[in-house]
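**Q** What follows is the residue order along each chain.
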Amino acid sequence: MSLVGPLLLATFLFCVGVYGLIARRNAVLVLISVEMMLVSVNINLVAFQNLLFPAEAAVSGQMFALFIIAVAAAEAGVGLAIILNLFRNRASVNVDDVDLMRW
Amino acid sequence: MLIDWLAIAPEIALTVTALLVLFADLNLRGDAKQLVAPIAGLGTVVAIVFTAILWGDERATFGGMFVVNEYAVVFKLLFLGALLAILGISWRFFAEGRYYQGEYYFLLLTSFVGMIIMPSARDLLLLFVALETVSIPAFIMAGMRKRSLYSSEAALKFFLIGVLSVALMLFGISLVYGFTGTTDLAGIAAAIAAAGDVEPLLLAAVMLVVVGFGFKISAVPFHFWAPDTYAGSPLPVAAMLAVASKAAGFAGLLAIAFIAFEPLAEFWAPVLGVIAILTMTLGNLIALQQRDLIRLLAYSSVAQAGYMLIPFGLARPGATVVNDAAVQAVLFYLIAYAVMNIGAFGVAIAVHRRTGIRSLRDYAGLAQQSPLMAMGMTVFLLSLGGAPPTVGLWAKFAIVQAALTDVTMFAVVLMVFLVVNSVIAFFYYLKVVKTMWMDQAHEGMPALEPGFNLSLVVIVLMVGTVVLGVLPGLISDATSLTSLVAAG
Amino acid sequence: MDPNTAGWALVVALFLPLVGAGALAVMPSSMDRQIRRAAVAITGVAFALVVAITASFDFGRSGELQFTTDVPWITAINARFELGMDGISLPLFFLTYLLTFLCAVYTTKHLPEPGRPKAFLALMLMLQTGMAGTFVAFDLVLFFIFWELVLVPMFFMIGMWGGPRRDYASVKFFLYTLFGSIFMLVAFLAIYFAAGAETWSIQALSEMAPFGTATFQTWAFLGIFLGFAIKVPMWPFHTWLPDAHTEAPTVGSVLLAGVLLKMGTYGFVRIALPILPEGAVRFAPLIGVLAVIGIIYGSLCCLAQTDVKRLIAFSSVGHMGFVMLGVAAMNEAGIQAALFGNIAHGVITGMLFFLAGSLHERYHTREIAVIGGGMLKKIPRYGVLLTYVAVASLGLPGLAGFWGEFTAMWAAISPGLGIGDQYGGLYLGLVVFAAIGTVLTAGYFLWLLQRVNLGNPPERWASEPLDDVMRIEWVSWTPLLLLILALGIFPVLVFGVQDAAVANLMGYLGG
Amino acid sequence: MDVLLEYAWLVPLLPLLSTAAIAAFGRSLPGKGSEIGIVALAASFVLSVGIAWQTFTAGLPEPFERSLEWSPLGGGFVFELGMLVDGLTAMMFLLVTTVSLMVHIYSREYMKGEPRFTYFFSMLSLFTFSMLLLVIANNLLLALIGWELVGLCSFLLIGFYWEDKSNQDAGNKAFLTTKFGDVGLVVGIIVLSAGMMGLGSSTPFNLQELNAAAVAGELSTGTIVLGMLLIFLGCVAKSGQMPLHVWLPDAMAGPTPVSALIHAATMVTAGIFLLARLFPVVAQSAVVMGVIAVVGVITLFFGGLLALVQDDLKKILAYSTVSQLGYMTAAIGVGGYTASIFHLFTHGFFKALLFLGAGSLIHAVHSNNISDMGGMAKSMPHTFWTFIVGTLALAGFPLTAGFFSKDEVLIAGDLWAGQGLVTGNLVYWVGLAAAFVTTFYMARACFLIFAGENRSHHAPHESGRQMVAPLMVLAVLSVASGYLLSPFSSEQYNFEQWTATPVIEELTYPFIDAGGEAAGAGVLASGSEVVMAAEDGAFGVLHGVPYWHFDLLAIVLVIFAAAVLLAWRFYGRGLPERDPTLHMGVATKVLVSKYGFDEFGYRYIVVPVRDTFARWATWSSNVVIDGIVAGAGRATKDAAMTTYRVLDQRVIDGGVNGAAFSAAWWSDRLKRIQSGDVQRYAAALVAGTIVLVLAIAAVR
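Residue numbers (our numbering), protein chains in the order written: chain V, 1 to 103; chain W, 1 to 488; chain Y, 1 to 511; chain X, 1 to 700.
Some hints here could point you the wrong way.
For lysine-lysine, the following BS3-like pairs were computed, each having C-alpha atoms within a straight-line distance of at most 30 Å [what the hints assert, rightly or not]:
| no. | chain 1 | residue 1 | chain 2 | residue 2 |
| --- | --- | --- | --- | --- |
| 1 | X | LYS165 | X | LYS112 |
| 2 | Y | LYS377 | W | LYS434 |
| 3 | X | LYS671 | W | LYS146 |
| 4 | Y | LYS377 | Y | LYS109 |
| 5 | Y | LYS377 | X | LYS32 |
| 6 | X | LYS315 | X | LYS165 |
| 7 | X | LYS671 | W | LYS434 |
| 8 | X | LYS112 | Y | LYS377 |
| 9 | X | LYS112 | X | LYS315 |
| 10 | X | LYS165 | X | LYS32 |
| 11 | X | LYS112 | X | LYS32 |
| 12 | X | LYS378 | X | LYS315 |
| 13 | X | LYS378 | Y | LYS377 |
| 14 | W | LYS33 | W | LYS146 |
| 15 | X | LYS378 | X | LYS112 |
| 16 | W | LYS431 | X | LYS671 |
Hints are computed from structural coordinates only; laboratory data are not their basis. Quick caveat, the model's predicted, so the values are computed rather than measured.
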């Protein structure tokens, strides 16, 4: 199986994630876009592992993917907590409103 | 495979302490909660003892993923020392601020666990885990003051930029893995060296990895979060972010730059050099305009990161002498930076905790109110600027020295920027000093009561700054021993 | 004391003031008197020690280092704690302690707003260690530390006890000098590596010299030149000086003019010339030209001043011009002249600033027009002193000022190291212009005297009770007044001490 | 017995000590310190007499030199504190100590009741010391020190009455003008010493070595010409030569005794003395001698003319001093070494006499103006005859000192002309013309002062003993001193051999190679008495005692008679109620109406001389040269202002500050990047990353 497909998919997901992070106003959506980026990374790793280095004993690619999933979960939790707290303080999850501090 | 427990003893000690703190906080009630701080301090001391024991011997475990050598030990000691200092300046702040001190100390310790792993990590995976262990608790700590808009805004900005940069870094890592088929730093270096001609995409991947750490050390253009986060989050957290987590970032950056991607130095060195120039210049110039002391310190710490990036700009593949000099310069600068910057934040906390003041103008006449604090601040700022007889001078000295071990045109350019920037920096450092000493105090300023721990920390750091300024040998001798080659 | 073994004496003399500063710092601010007395005691003891050192100095071997201390300091970079003293260091070292002592005495009665003698004197003592160290440090790194150590206390002196524009002046002083000294540091490191990264010892490097390529010598010298030229200050790097002097408190100005400026020339003679001879030779004509421009220019500016203190400040530019002209001559006589000019200017201008200070205390203004003359009638003793010192400053033979100026011109007529063959004409021109500078100097001093001293006091002062020179002022001034005369009559006091040392120096320069 | 010479250093030292002593506890003494000065001066006077006798009877020995190394100057060169005692030194000693002593005594009465009486005396002593130091110096550097010190004393004493501005200005003018000359002197000394260093001398300032080297032709012509011309500039300023004489008349603002001592007898002759000291060097270059001669001639003539239209007695004397100094300078320029210093010697006495006399008169009538005097002969007999003696000497009346010395100058010019050197003729003829002028204005002054009625508002009375005694002593000297070098003086012991030294004796002028009939430059000499010093037949300095030059004597007498008669014609009966000086139109009418001869004389001699020339000279002096000096001063001040305001404050300083400000400006712009919007941050971050990626690709 060719490496092109997975890589294209990963890149596409990643770019979507970046776009979402920059463009979407809703904090939750921003968070989701971040998750998409991480997922794309996982796809990359697993694809490389299986297609390029199937013989590697340490299977470090997939290991890495597993770790990323775990960490991503933690990040998502923390992120949601922060957003929740923000929503408590000001009844909005709109990222634009968050600009008290500048300069 | 069996585990070298002694090698990871400091990490274990700190983790256990963290759990203890959490447990104690859950079970203790009322003022008894105050106990958590001493516990944390005690645990840190234990960790320091373990680390000290490790001085001088070479250990590796987890299949070489985790390495202990002098380089790592120096870093760990730096982190643990910083931890002690931050505990010292945190205590009254949280005790009186009715914050969630139990959680705070737990998160703080956890974050530091990540930091002391960082210099030992010799695998991208471990580096990544350590980095996240540093960051995630930090995200929460930044938002510690739950009711404060500022605090939560700080947390959000910190979090978003953080995860974004991590994502970018991970993408880079995945590509690197794709090229080299391993995540072991030495292995990566070997693979790259073997590969011969260099793929542009690989270089791109390298840059993406750099971004991750660039965020941690708040190098331009990844620095935007820093001022807002420092300003918004509780001051001890700001101190921690400005010093410890920045140092952690440098530890990681050193590892990947001088071990994994050392063969590519000819490509990334100039880029990092340019980033250094941008960082120090931009940081200094913006700092000139700051009226809020914390923001001023934030930008100054951005500029400081710029100075510390200079040695990276000097790296060259295979040039062991230059690279070692560079690493030592960074290490030395980090230590000096930790001493003087934590001190500066300590004084800021002392003033702020009592008077709620952060605007520069309100520091007027601080000298009359509390000569000790004013003196301390003066020493720290002069040191940050690099005036003798303070350790700051030697930090800059070390960088210049590294730059001149083998002079190149680019090195000269970097030097000129360093000189000009140090002079610019004095503009705003002196501005603070002048306000404290030469302006008249406003009426109705509540007197300062820094409290014992804080005063102790400030005094110790102040003395340290000056003593090291007179006898830099105390650390330069240690840092000069530590070279990454031994660590490779 | 045996000059060969008693290195401790130098170390003690050097760090005594610093310790004293610490001692003062712990005294409660309420003990105003005691603090001032303590400062006098400290500086007095230090000065006595220096007198003892001078007494036991082996003048027969003034060319070699004496009272040496040499211990490892920063092993990582081979920096050593190397102290010593030869014929060139001794006079400056002595002057430093004398002036500081007198300043301490003076401060027992006079201290500008906002008082706070503790802080003031502590800073002064720190300053003393910094200044003195510069003259006896024989390791480039150590030298640099002492050099920079001076900045901070002086910054505070100007910034806290200074005049109305003190903020501007203090920051300007600090940044201006800092700027130069960082380039100097870079140059030092360049030298260190060019010489094989083994030693920072000035002696050793001088013996190794010349090393490095011609380009290296030029660039390294340029770096050092920036550092020292700003300190001297040479035209056009002088603009920090008038502001600093005008705003600084009396004691600050005295030390600034008396010692700080000397550090620049000393640096040129001790470091720049012997370690980078080729660069020095290449730069000599430039230095000469700048020096003479400084002479003419400084005097012209003096003619334009309306503020006594500012006038004196500008006169320093002119006088240091003569000093640098001596350096530019690049021969023994020139170096001698430069160093003598250093001492003479230190004593005379230091004294002038004392006078300007107490002038301000009496009239509460330094505007010549406001004072409006008649001081010889109103406060005759003071007027006589002013005349005496002014006349000394315009280089009258028989007083200290003459020897530096004349010998500088005399030496510049036949510059050494083969510069004469190439630039003989240029140097002749320099001498002529320098000589014209002496006329201008005489011009502005006489004019100053005419406007403040002579004539009848204007009525606004006629009734005012202004007290003549007070006892404390006599005490703190007499030594300088005598020194001015002594140096004028016995130039050998300085020339003789320096002779062998300068000869050594020229040995390094291959002259 | 050289023992006296061994102690020559005491001569300058004593006045120095007295200076200190007077300053220290002069006030507490009964005589306010004056006695200390007089005692000290008397002592050095006695010593000087002894030394003079020593050298006078010693024949022609090598100069007596003693020196000790005072200080190294670096490079193995030494500044030596040393004394050089020869005839010239002894002569100056005698002159300075005598006049100074007289002035000290005189001042006791003259300055009585003055404020700062004590200060005055200590300054007098200090001046005497400085002058003697300059005289005794064995090297140029030491001489320079003395030179500068006399300048300072002059400055301090001119401005003695510093309450009013004009005196302050006079003092500054004097100091600065001479200081300007010192630029030349200093650089000149440096140039010569550089030459000596080139010859490997370790004492490059030593006078004897310098002279010897010059005579031996070791010094390059360039060095000599450049060095000497520069030094001469110093002399021009100090000795009031044109065009730098402007300060001298103003210097009369000082007390009269000061004018007598400093601005007539001693200090102003320092320049001449220096030229005499360096005569062997001067004599090496035709250019130098030419310049000196021309400057001297111009000065002696036009300086004299200026005195014609003065009303202030001291100014008249001042201009006459200028003119007499011109004679001395000119004499040096035409090789009249002996003539020059002989005139210096005699002039010292009679000019001091005249000034002290003037002082006595002014003391009596409380005015400087001769128009306020008149008829003094009756009321002040002693002053009268002493003043007349002085006048005769100044006018060069036969058998007075002035006669012998001035005529020697003329003869020197004549002999020089004999070598086909035009400057010789200049000196001879212009010198004669100036003699006429001198006589005329002195006669005018005398008539207006002593003849006619008393025009003052006070009852004039003779001054006291302390003032008259010095007058008498000086009067005697004004006549006697001339006989040291006259047809009457001895073959072996006379002024010429007294002041000559071996170097001078063997001196030859390299630029003159007239073999055959050689004539002496130094003295009235010709024919049998002439002894050639140089074997090669080159024109050398000759010696021998003078003999009567009846032709010259005749001319002098005629001129004298003419001038006096002319003066007497106009002023003989005191100041006419319609003073011809002011209303010459009326005067002309009177003359025309009476004698055609008078009219002729008046129209063709008096008018041109007194009005046209004098007016022009006055104008040139006061307007042009003064104007230039003043203008220079103003220009400098303006230049100063501009330099300071524009260049220093704006450009240079502005640059420094500008850098700082621009930093602030940038800072203000840059900080706005921190927009506060987290997504912008993110965008920036991503953008940054992309740039990095591209950048590194570019690096590759």
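**Q** Could you run down the list of hints and mark each one as holding or not?
**A** Okay, the hints, checked on the actual structure:
1. X/LYS165 - X/LYS112: Given that 30 Å is the threshold and the Cα spacing comes to 23 Å, the pair holds.
2. Y/LYS377 - W/LYS434: Not satisfied, since the Cα-Cα distance of roughly 43 Å exceeds 30 Å.
3. X/LYS671 - W/LYS146: holds (28 Å)
4. Y/LYS377 - Y/LYS109: With a Cα-Cα distance of about 25 Å, the restraint between Y/LYS377 and Y/LYS109 holds, given a limit of 30 Å.
5. Y/LYS377 - X/LYS32: holds (20 Å)
6. X/LYS315 - X/LYS165: holds (19 Å)
7. X/LYS671 - W/LYS434: holds (23 Å)
8. X/LYS112 - Y/LYS377: Distance of about 20 Å is within 30 Å: holds.
9. X/LYS112 - X/LYS315: This hinted pair holds, its Cα atoms lying about 24 Å apart.
10. X/LYS165 - X/LYS32: holds (27 Å)
11. X/LYS112 - X/LYS32: holds (10 Å)
12. X/LYS378 - X/LYS315: Distance ~24 Å between X/LYS378 and X/LYS315 Cα, so the pair holds.
13. X/LYS378 - Y/LYS377: Violated. X/LYS378 to Y/LYS377 sits at ~42 Å, over the 30 Å cutoff.
14. W/LYS33 - W/LYS146: Satisfied, since the Cα-Cα distance of roughly 19 Å is no more than 30 Å.
15. X/LYS378 - X/LYS112: holds (25 Å)
16. W/LYS431 - X/LYS671: Status holds; Cα separation ~18 Å.
Hint violations for this structure: numbers 2 and 13, all remaining hints satisfied.
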